[in-house]
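J.: Each chain is listed here by its residues.
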Amino acid sequence: MLGTALVQLHHGFALMSGRRLRVRDVERLVTDIAATRAEFGSSADLAAARGASLSAQDRRPIDDRRLRRLARMAYDGTAYYRRRFDEAGLTPQRLSLDTLADLPITPKESLRDMPEAFVNRHAQPCYRAETTGTTGPPTAVWFSRYEADLATALTAVSFLIDYGLGTEDVIQLCLSSRATFGIHCLTRAAALIGAASSSLGLVDPEQTLSRLAGTARLAGKRPQPTLLVTYSSYLGLLVDAGERLGHTAGDFGLRQIMCGGEIVTDGLRRRAERLFGARLVETYGMTEVSPANGQHCTRGHLHFDPEQGATEVLSLDGARPAMPGEVGVLTFTPAFPYRETTLLLRLFSGDVVRRLPPGKLDCELAGLPATSRLLGKRSFVRELAGHLVTPRDVLELVEGDPAALLPGRWAVEESTEGLILYVLGRADQAGRAGLADRIQQRGVEQGLPLRRVVVSDRPDQLPPTTPVRADLREPTFRANRPDPVRPAHCELVVPA
Amino acid sequence: MTSPAELAGLPLTVTVATALGAGYFRRVRVERPPVGVYTLSDIAVLMVAVITLPLAYIHLPAGVVATVLGLMTILVVQFTLGPILPGRLPVLAAVGAAVLNVAAFATLPGTDLRAVTTVWNDILLLVLVVGVCNLYAQSGMKARDVAIFAALLTGYDLVATLFLPTMAELLSRIADLPFAPVFTLGSNPDAVVIGLGDVLMLVLWTLVSIKGYGPAAGWLAAGTAVAVAAALAIALGTGLIDGVFPVMVLAGPAIVAEYLLLRRRHGPERTTAMYHDAGLNLDPDQALISPDRESKKGPGRVSSVPLAARGPSRANRADSQ
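Protein chains in written order, with the numbering used here: chain A, 1 to 496; chain B, 1001 to 1321.
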């Protein structure tokens, strides 16, 4: 208890003074949280405490100090920001949250085209993480060992507090095998809390379902995976395949599904939770700003912790802050000490949200600033007749139909009379019957300028649909051989 | 000459302290730090404090000692009353009680009402015992930790009382101070006294026994506490003990022996979560504080279903065909 208090004091002092964190303090916190849960049975107090934060007014001096430090590091250490500051006539020492808007935004393309220009020359880069590149060429981000260890420890804390994981849990990762940094942090975080983990990649959904439904008798561990970590589109593939194969919740041991990287629709959530019998937790994160991420509350807000950096919502062109109720783009400035290698100020992420109207929030994370849920990528937002149509608007329509093929694959074309929505449907006529009419009707009810909905089971008859991460399918040598059937309660027989 | 009433006050004080402590433990949930459990390193720190604080009290000016003791008393009384009284009443009550204590010590000694000072001080000490013991027990301190602490205290008490002048000097230094950490069971200069720490250990052992091993263990611990106090009273009354006596030399081995017995009979002790799940404490709705308790199964867990074959459920597949 006293040791815990001292470590937390030290950690808190480091945060307040803007110094580099001691990773072993956070790792000690992981151990202490695990011990607290073992003794008291829950970490509900901690989960509630995460929704609290200093008031914006109280935080301001701390955030300004950290921002100036980050700016100094970026100016001294990176070619990109030295030029940007000089061009803007700004000095790092004068930067604050109030004057941050004087610094031009950093387009994602700049980071993608010259990642090394953002690397702090005083840091020690060890990991080159790449994004999946679903909306363009992959972006590379360099991390140091310190950042990797810190992100791992923070992930472990989240596993304990937000997901209630313990030593008996088994985590199944279904992410792109190229997402090495994320997989590295997740698997090591699992090990930190004593849970087991396995990374399967994005293989055929039948193989994944077989793994999720299979049993593995390990002492002290649940026989089946209890947490699935994957992308929304791949989850959609799993759900579609699982429903087709006749699986039910009783076949799986999942308790939770951590799903992010793409839009999670209500339709996908319903079907996934019904199929797997598990709670779906929507997450938000970007490799570029890791370990900063967003948390969803039960009211559907997306909250960002100012402790991890400054988050702005700018207009779609990035020229000004978005007005309350306006759709805008998330713009991140990840803070030191969470980031020290690839330094980013005002990264214009391209992820679209709606700025919430002013007023006090009444959710469990009300202490943290919030926006709406993710609405999609800026490049896929359409404006027609004064009506803004976001990818979420379309995807909720498509995946909201219980007969829809998952993941939803769609494309829109603009015409003078409204949008024409193309949707990839099921191969069988019965599966497609009525889908177009139902989607059209719901779209009209929601006020979307939909002129027509076309459902086809032939991708070549549709315009190119929005790319999804589930398309990053990874072949395996077992693709043509079904897994051998193993009885569910097979016991290992030890010879005498 | 010590009167029988004063001697009877020894087991009576321990009985009242134990009953109050256990009753508070059953009905009131104190606010514990969100992260952290007691470990053996905490016991080591406590031991260091036990050894160094008396030396500090002996050498510091009386005013400083009284001030430190007073501030600690206010803090603990306020903490103990916090879950029971609403609003600012706990703070007001704690400060008021402390002021009363100081006033009584300043005005009443030498008068016919001098007994009021010791009685009031003893009442404050009872509140302290209840609060501190519940803070430790409800923050996860284990029976094992208390038994080890008791063993260490036995050695320290023996040396500091019988081989060193520490305890005697401490007693003579603080006995007439307000907030003195000794229960005084009489108003004459030779009144029977028992240290706050001794009573605290006896009550703490009762609480962690209840938590770790159940009501029967708690009764055994409480009975041992009263028996130790009664034995001391008898020894004092018959002249077997004269002067300062290290109480932990009796209490410590009894605590350790009980722990070993419980461990042998019942195995490892329960966690706090198991204690709550056993329903031995009052229903949270009837507790004076009822913090939300998350299901032990974890957030959002779906009820477990018997495992099926690795493929789809056979019954459903037949239905779909």
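Some hints here could point you the wrong way.
Said to hold, decoys possible - The calculated label-pair distances, taken between Cβ atoms and stated as ranges, are:
id	chain 1	residue 1	chain 2	residue 2	range
1	A	Gln124	B	Arg1144	38 to 46 Å
2	A	Asp98	B	Arg1144	22 to 30 Å
3	B	Ile1084	A	Ser17	35 to 43 Å
4	A	Pro467	B	Arg1144	34 to 42 Å
5	A	Tyr127	B	Ala1216	51 to 59 Å
6	A	Gly325	B	Arg1144	56 to 64 Å
7	A	Ala5	B	Ala1235	48 to 56 Å
8	A	Asp98	B	Leu1071	40 to 48 Å
9	B	Pro1061	A	Gly12	29 to 37 Å
As the list claims (entries may be wrong) - Listing some non-contacts, in silico: residues in chain A with all C-beta distances to chain B over 10 Å:
id	residue
10	Gly3
11	Thr36
12	Phe40
13	Ser42
14	Trp142
15	Gly418
16	Gln441
17	Val454
Just so you know, these hints were derived from the structure itself, not from any lab. All figures in this text were calculated on a predicted structure; none of them were measured in a lab. C-beta: ideal position from N, C-alpha, C; glycine also.
J.: Against this structure, judge whether each hint is valid.
T.: Going down the list of hints, with the structure as the test:
1. A:Gln124 x B:Arg1144: 38 to 46 Å: The hint (38 to 46 Å, Cβ to Cβ) holds, given that Gln124 of chain A and Arg1144 of chain B are roughly 45 Å apart.
2. A:Asp98 x B:Arg1144: 22 to 30 Å: Cβ of Asp98 of chain A to Cβ of Arg1144 of chain B: about 55 Å, so the range 22 to 30 Å is violated.
3. B:Ile1084 x A:Ser17: 35 to 43 Å: Roughly 39 Å apart at Cβ, these two residues keep to the hinted range, so it holds.
4. A:Pro467 x B:Arg1144: 34 to 42 Å: violated (58 Å)
5. A:Tyr127 x B:Ala1216: 51 to 59 Å: holds (57 Å)
6. A:Gly325 x B:Arg1144: 56 to 64 Å: Holds - the Cβ-Cβ distance for Gly325 of chain A and Arg1144 of chain B, about 59 Å, lies within 56 to 64 Å.
7. A:Ala5 x B:Ala1235: 48 to 56 Å: violated (41 Å)
8. A:Asp98 x B:Leu1071: 40 to 48 Å: Given range 40 to 48 Å: holds, Cβ gap about 43 Å.
9. B:Pro1061 x A:Gly12: 29 to 37 Å: Since Pro1061 of chain B and Gly12 of chain A have Cβ atoms about 35 Å apart, the given range 29 to 37 Å holds.
10. Gly3: Given a closest Cβ separation of 6 Å, the condition is violated.
11. Thr36: violated (5 Å)
12. Phe40: violated (5 Å)
13. Ser42: violated (4 Å)
14. Trp142: Holds, since 33 Å exceeds 10 Å.
15. Gly418: holds (39 Å)
16. Gln441: It holds; Gln441 of chain A is separated from chain B by about 28 Å at its closest Cβ, greater than 10 Å.
17. Val454: Holds, since 29 Å exceeds 10 Å.
Comparing the model with each numbered hint stated earlier shows that hints 2, 4, 7, 10, 11, 12, 13 do not hold.
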